[in-house]
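Undergrad: Sequence:
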Amino acid sequence: MPSLKDLKNRIESVKSTRKITKAMQMVAAAKLRRAQEAAEMARPYAERFNAVMAGLAASVGDSDSAPRLLAGTGSDQTHLLIVMTAERGLCGGFNANIAKLAKASAEKLRADGKIVKILTVGKKGRDILRREWSDALVGHIDLTDVKRIGYADAQGVAKDVLGRFDNGEFDVATLFYSKFENVVSQIPTEQQLIPYEAPEEAETDSSTLYDYEPSEEEILADLLPRGVATAIFSALLENGAGEQGARMSAMDNATRNAGEMIDKLTIEYNRSRQAVITNELIEIISGAEAL
Numbered sequence: 001m002p003s004l005k006d007l008k009n010r011i012e013s014v015k016s017t018r019k020i021t022k023a024m025q026m027v028a029a030a031k032l033r034r035a036q037e038a039a040e041m042a043r044p045y046a047e048r049f050n051a052v053m054a055g056l057a058a059s060v061g062d063s064d065s066a067p068r069l070l071a072g073t074g075s076d077q078t079h080l081l082i083v084m085t086a087e088r089g090l091c092g093g094f095n096a097n098i099a100k101l102a103k104a105s106a107e108k109l110r111a112d113g114k115i116v117k118i119l120t121v122g123k124k125g126r127d128i129l130r131r132e133w134s135d136a137l138v139g140h141i142d143l144t145d146v147k148r149i150g151y152a153d154a155q156g157v158a159k160d161v162l163g164r165f166d167n168g169e170f171d172v173a174t175l176f177y178s179k180f181e182n183v184v185s186q187i188p189t190e191q192q193l194i195p196y197e198a199p200e201e202a203e204t205d206s207s208t209l210y211d212y213e214p215s216e217e218e219i220l221a222d223l224l225p226r227g228v229a230t231a232i233f234s235a236l237l238e239n240g241a242g243e244q245g246a247r248m249s250a251m252d253n254a255t256r257n258a259g260e261m262i263d264k265l266t267i268e269y270n271r272s273r274q275a276v277i278t279n280e281l282i283e284i285i286s287g288a289e290a291l
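The letter at position 26 of the sequence shown is residue 26 when you use our numbering, and the numbering goes up by one with no holes.
Derived from the structure by calculation, the hints contain no laboratory data. Don't be surprised by glycine CBs; every beta carbon is placed ideally from N, CA and C. Check the hints yourself; a few may be wrong.
[What the hints assert, rightly or not] Heads up, simulated PhoX-like pairs for lysine-lysine below, C-alpha to C-alpha not over 25 Å straight-line:
id	residue 1	residue 2
1	Lys103	Lys123
2	Lys31	Lys103
3	Lys8	Lys179
4	Lys22	Lys100
5	Lys123	Lys179
6	Lys15	Lys179
7	Lys108	Lys15
8	Lys100	Lys123
9	Lys264	Lys19
10	Lys117	Lys100
11	Lys5	Lys159
12	Lys5	Lys19
13	Lys5	Lys31
14	Lys31	Lys179
15	Lys8	Lys31
16	Lys103	Lys179
17	Lys8	Lys19
18	Lys179	Lys117
19	Lys31	Lys19
20	Lys159	Lys117
21	Lys5	Lys179
22	Lys117	Lys103
23	Lys103	Lys114
24	Lys123	Lys108
25	Lys159	Lys147
26	Lys179	Lys159
27	Lys22	Lys8
28	Lys22	Lys147
[What the hints assert, rightly or not] Just the calculated beta-carbon pair ranges, DEER-fashion:
id	residue 1	residue 2	range
29	Asp127	Gly150	21 to 27 Å
30	Arg33	Glu280	51 to 57 Å
31	Glu268	Tyr45	33 to 39 Å
32	Arg68	Ser13	21 to 27 Å
33	Val184	Gly139	29 to 35 Å
34	Thr17	Asp112	15 to 21 Å
35	Gln77	Glu12	37 to 43 Å
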C-alpha cells in the first residue's frame, strides 16, 4: 500500500499534468478556428477546379494526344503512396488512422503483385510506417519548420511527386490524408492523383458547350500539374484542421481523465490518512489502559 507521501506526490503530479493538457486544449482550440476557416475557404475553389478538370478530361477522353498526367503510362505496376500526417503527436488516433488506411492499401496492392513505394509528408506517418514498410519508403518531406501551411509548401510536395513521375519511378500516385468534418470526426481519405481521376463529388456542367482556345489537350497539359498541387494543398489544409480538432478532443479527454484520477487518489489519500489516525488513537488508548 502506498504511503501518504507517495499518494500526495502522485496527486501533485497528476495536477501538473492536468494543467498541461488544459493549456494544450486551449491552444488547439485557438489554432483550430484558423485552420478550419482555411480548409473551408479552400473547398469551393478545389471543387470548382475539379469540375473544370473533369469536364476537360471527359472531352479529351482516351485520345492519343491526351497529356501523360491524364492518360498515365499505360501500366499500373508501380504505385506511389503519398501519406500525409501531422508533424506532432498528442492528437488521439489522427495519425494512426491515416497510416492504417495507407497500410491496408499497400497490403492489398502487394497481394495483387504490384510494386509499392511510399512518400511520407509528416514525421508521425514516417515513424509509424517505417516499422513495417521501411523497405518501401522512398522519401520524406519535412514540414516541421512551417508555421502556417501555404500554397508554396504544396507546390514543393507536388514538384517532388511530378519529378518522380517524369523520371518513371511510378505509374500511379495515390494521396492519403484526413478530411475534416468536425472536432470529433476526421475521415481518413484516399484520392488518386496520377493519372488524374475526377473525384466522385466533382460535377460537370453537361448542359453547356464550350469552345476552347487553345485545345483541351494544351489546357490540360498546363492545368494538370496545378491540379496535383491544388489537391495536395487542399489535403494539407484538411489535415491541419483535423489535427487541431483531434488534439483538442484528445486533450479535453485527458484533462477530464486527470480530474477523475485526482478525485480517486484524493479519496485513497483521505482513507489512508484516516487509517493512520485511527491506528494512532488505538495505540494511545491501548497505552493508557495498560497503565
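Undergrad: Would you say the C-beta atoms of Val184 and Gly139 sit inside 29 to 35 Å of each other?
TA: About 33 Å separates the Cβ atoms of Val184 and Gly139, which means 29 to 35 Å holds.
Undergrad: For Lys103 and Lys179, compute the direct alpha-carbon distance and say whether it is at most 25 Å.
TA: 18 Å, holds
Undergrad: Is the straight-line distance between the alpha-carbon of Lys179 and that of Lys159 25 Å or less?
TA: Since the Cα atoms of Lys179 and Lys159 sit roughly 23 Å apart, the hinted pair holds (cutoff 25 Å).
Undergrad: Just to be sure I understand the hint, the distance between the Cβ atoms of Asp127 and Gly150 should be within 21 to 27 Å; is that true here?
TA: About 25 Å separates the Cβ atoms of Asp127 and Gly150, which means 21 to 27 Å holds.
Undergrad: Next pair to validate is Lys5 with Lys31; report whether the Cα-Cα distance is within 25 Å.
TA: 39 Å, violated
Undergrad: Could you grab the alpha-carbon distance between Lys31 and Lys179 and see if it respects the 25 Å cut-off?
TA: 17 Å, holds
Undergrad: That 21 to 27 Å hint for Arg68 and Ser13 (C-beta), does it hold up?
TA: Given a distance of about 59 Å, which is not inside 21 to 27 Å, the answer is violated.
Undergrad: Please work out if Lys5 and Lys19 have their alpha carbons no farther apart than 25 Å.
TA: 21 Å, holds
Undergrad: With a cut-off of 25 Å on the C-alpha distance, tell me whether Lys117 and Lys100 pass.
TA: 16 Å, holds
Undergrad: Is Lys123 close enough to Lys179, meaning Cα to Cα at most 25 Å?
TA: 19 Å, holds
Undergrad: Quick one, are Lys179 and Lys117 close enough, alpha carbons at most 25 Å?
TA: 23 Å, holds
Undergrad: Check whether the Cα positions of Lys108 and Lys15 lie no farther apart than 25 Å.
TA: 46 Å, violated
Going through the hint list in order, the structure does not satisfy hints 2, 3, 4, 6, 7, 11, 13, 15, 21, 31, 32, 34 and 35.
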